[in-house]
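> Here are the chains, one letter per residue:
2 protein chains.
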Amino acid sequence: MTVADETGAAEPPAVPHPGPAAGPPERRPGEADPAAEQGTGRDAILRAARRAFALRPYADVTMRGIAADAGVSPSLIVKRFGSKEHLFNTVADFGPAADELFAAEPAGLGRHLVLTTVRMRREQRGDPLLRVVFSLGNEDERTLLRERFRHQVTERLAASLPGPDAELRAELIAGQLLGLGATLSLHRPGAGDRATPERLADLYAPGLQRLIDGD
Amino acid sequence: MTVADETGAAEPPAVPHPGPAAGPPERRPGEADPAAEQGTGRDAILRAARRAFALRPYADVTMRGIAADAGVSPSLIVKRFGSKEHLFNTVADFGPAADELFAAEPAGLGRHLVLTTVRMRREQRGDPLLRVVFSLGNEDERTLLRERFRHQVTERLAASLPGPDAELRAELIAGQLLGLGATLSLHRPGAGDRATPERLADLYAPGLQRLIDGD
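Protein chains in written order, with our numbering: chain A, 4 to 218; chain B, 4 to 218.
Bear in mind the hints are in silico, worked out from the structure with no lab data behind them. Every residue gets a Cβ at the ideal spot worked out from N, C-alpha and C, and that includes glycine.
What follows is a list of derived Cβ distance ranges for each label pair:
| # | chain 1 | residue 1 | chain 2 | residue 2 | range |
| --- | --- | --- | --- | --- | --- |
| 1 | A | 216 | B | 216 | 14 to 22 Å |
| 2 | B | 163 | A | 62 | 40 to 48 Å |
| 3 | B | 65 | A | 146 | 25 to 33 Å |
| 4 | B | 102 | A | 165 | 35 to 43 Å |
| 5 | B | 110 | A | 202 | 20 to 28 Å |
| 6 | B | 111 | A | 92 | 40 to 48 Å |
Looking at chain A on its own, in the form it has when it is part of the complex (with noise of 0.2 Å):
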């Protein structure tokens, strides 16, 4: 098990291989090959940084370490993704996942939230949003990532939310899909493990639905 696994956020689909109208990118020589890193790169330099901003603080991160680590050159992460800010704000994003997550009518949602959680952990062998654990305990620019949290995923699920405190039980919600996260990672191989998604909704989703009605 390596961080990336447990810390992948949903990721938005590679950028398409070009075709042959394309023409190949400029090359440099001593640039590692373009053709290789093409259709693994990105998804490796995601990877790499993920790994690297959930165990360094940010100011010791460099943009060398993470291209060492996903086997790429450097001027190849500058060009796909930018500062070290912007691929900072490219793994911090919960906007996709919020959007998975999100997407059931308020009766529904308790169910479709454990579902959701599970599915993208299984297809995508990464927890949609406990990546944001890692942050906790730490002063440094990954405060960053705890903002963003808070305004993707428990500001607008609060916005969502009847009844009264909607705040409050928003926060709640998002600690019983983090604990989920956290439960199924830990135990590991467990009985949470080897449980169908539907048995893990019919015992975990009535807590949440509890919190959603907030009655």
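Position chain B against the provided structure of chain A, taking the given hints into account.
Just chain B, lined up with the frame of chain A:
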């Protein structure tokens, strides 16, 4: 907020201050002043050890580094805690926290779990269980932390649960507790921060209790 704040487990009481009959401990030239270390040394060492084991691979943690962080001499750590392995096992002990968390009859356990988690967080400035999430995604000796969590928390809980799927339900209960700690740490300041323990229990305990009851 520091990692130590986040990850502090319940600690046994500090070693009592020795009375006059105990006599002063032997002191070698160049050692830190034992009188200065007496009151705060043990807690400082435990905090530094938790921080070190949470942030670095086990193999990279040194007694010298922990000593420097704690502001004590390396020899004091060896005298009080023995080897690095022993120190790790001390800070990785979820037993005292589990004793407090599980000290309730099944019918009221959900509420007791929430109230105890919130009380331990507020009184001790640390979460009783959350530390284990920092071990996720690591291949190194910190797997010991996960093994201990499974044994001291999840398996102990599973053994006490009536009804079917006790192992799975215990994993999900542990998940909800980890999620509660994670969300309270993440949203700080936040609504969960400001809520009374009783209000948090009103909202969060029913989902836990349903998993405890298993029906």
